[in-house]
Amino acid sequence: MTDTTALSDESGRAQEPLRLAVTLDDPFMWRGAGFPAGYDPDVVLGRLCDAFERYRVPEVYAFTSTAPVEDHPHWLSALDRWTARGHHVAAHTHSHASLNWTDVPSYVADLDRNLELLEPWLAKAPTRYFRYAFDMWGDTRDKTDRVQTHLARRGLLPAPITHWFYDVQFLVAYLRTLSTGDTEAAAWVRRRFAETAVDALRNQAAAAREVFGRQPPHIALIHGTPIAADAYAEVLAAYAAAGVQFVTLEEAMSDPANQIVPPTVTRYFRNSTQKWAEHAGIGVADTPPRILNDVQRCCPVEGMTESDLLGPALVAAALAVGSEPVATDLDWNPAADA
Numbered sequence: 212m213t214d215t216t217a218l219s220d221e222s223g224r225a226q227e228p229l230r231l232a233v234t235l236d237d238p239f240m241w242r243g244a245g246f247p248a249g250y251d252p253d254v255v256l257g258r259l260c261d262a263f264e265r266y267r268v269p270e271v272y273a274f275t276s277t278a279p280v281e282d283h284p285h286w287l288s289a290l291d292r293w294t295a296r297g298h299h300v301a302a303h304t305h306s307h308a309s310l311n312w313t314d315v316p317s318y319v320a321d322l323d324r325n326l327e328l329l330e331p332w333l334a335k336a337p338t339r340y341f342r343y344a345f346d347m348w349g350d351t352r353d354k355t356d357r358v359q360t361h362l363a364r365r366g367l368l369p370a371p372i373t374h375w376f377y378d379v380q381f382l383v384a385y386l387r388t389l390s391t392g393d394t395e396a397a398a399w400v401r402r403r404f405a406e407t408a409v410d411a412l413r414n415q416a417a418a419a420r421e422v423f424g425r426q427p428p429h430i431a432l433i434h435g436t437p438i439a440a441d442a443y444a445e446v447l448a449a450y451a452a453a454g455v456q457f458v459t460l461e462e463a464m465s466d467p468a469n470q471i472v473p474p475t476v477t478r479y480f481r482n483s484t485q486k487w488a489e490h491a492g493i494g495v496a497d498t499p500p501r502i503l504n505d506v507q508r509c510c511p512v513e514g515m516t517e518s519d520l521l522g523p524a525l526v527a528a529a530l531a532v533g534s535e536p537v538a539t540d541l542d543w544n545p546a547a548d549a
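To get our numbering, take the position in the sequence shown, counting from 1, and add 211.
Please keep in mind that the hints were generated in silico from the structure rather than gathered at the bench.
These numbers were taken from a predicted model, which means no experiment stands behind them.
Heads up, a few of these hints could be off.
Capping the alpha-carbon separation at 20 Å, the derived lysine to aspartate or glutamate pairs in DMTMM-like fashion look like this [said to hold, decoys possible]:
(1) Lys335 to Asp540
(2) Lys354 to Glu535
(3) Lys335 to Asp282
(4) Lys335 to Glu270
(5) Lys335 to Asp353
(6) Lys354 to Asp540
(7) Lys354 to Asp323
(8) Lys354 to Asp314
(9) Lys335 to Glu462
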């Protein structure tokens, strides 16, 4: 069963409600890693909207990479139904390549292509937000500064991630369970998905409190995937049971902890909380979550490893900006069990 113990400080005293803005990345998934039978952007976004309505999650921004719509242009209409239900669209690059892997001119050209495709929906949003692909802001400060300058020129505000739980790593196992029809394994993956989300929020919130001496509002990430469609409602239920207060991204972004770029430059897979913690010399417990070792072993199917299912998308993203992926940047799996 998911642990819904209220978030508390080290003494066990209940804290003030933890404010959490939910954000969505990649509602079209990725070129080279598409949807299985029975799922598409309309299905996934519709189920997520139902979950957001049930748990009163307000005005979720969908940070949308757009390369998949070159093959499926009709998918863009899913954004009309998304916004009609009270949510918003934000920029996220076209190809979903890491800034680490390419030069600034190629990156901003890819971003501008994303803006061109999304402008009808960006224009409707209260704020013009952008999110770096992989939340990777560049492996040098010069790269970051030059892209930030371009964002300012285009009227875009970069929105970080402060809480994630490696949800895409659960997707790989879940796709295997769908392909085999193993309903028992699928249910196990969904349970671990929700449990890990709450544990990760607890651990990342604890690190943030230690860094800042207070608890800023957090910005959560979920991707627009089949497992999110099928299991994110349980995640939201667990967050709510743990005392989370859902807020808008604008409210979360009003806090200086989410406006100021962390003073850590890294090429690795780190969200904003992890970067601030690294700068302060503070560890973030169970990150990446050790349960991912068990998830990776769940329902093995030949030809459906993480490399098989996600590797083509990484290659396609990098090739689109004239580069190749650097796999060691993506250290999103825990050390193997002894």
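Results for each hint:
Only pairs whose Cα atoms come within 20 Å are accepted, and Lys335 paired with Asp540 is rejected, the gap being roughly 35 Å. A distance of roughly 18 Å separates the Cα atoms of Lys354 and Glu535; the hinted pair therefore holds under the 20 Å criterion. Note on Lys335 and Asp282: the hinted pairing is violated, with a Cα-Cα distance of about 25 Å set against a maximum of 20 Å. Annotation: proposed proximity of Lys335 to Glu270 holds, straight-line Cα distance about 12 Å (limit 20 Å).
In summary, the hint linking Lys335 to Asp353 is not supported, as the alpha carbons are separated by about 32 Å, beyond the 20 Å threshold. A distance of roughly 16 Å separates the Cα atoms of Lys354 and Asp540; the hinted pair therefore holds under the 20 Å criterion. A threshold of 20 Å between alpha carbons decides the hint, and for Lys354 with Asp323 the separation of about 17 Å falls inside it, so the pair holds. Simply put, Lys354 and Asp314 have alpha-carbon atoms about 8 Å apart, close enough for the 20 Å limit, and the pair holds.
Among the hinted pairs, Lys335 with Glu462 is consistent with the structure: their alpha-carbon atoms are about 18 Å apart, no more than 20 Å.
The structure is inconsistent with the numbered hints 1, 3, 5, although it conforms to all the rest.
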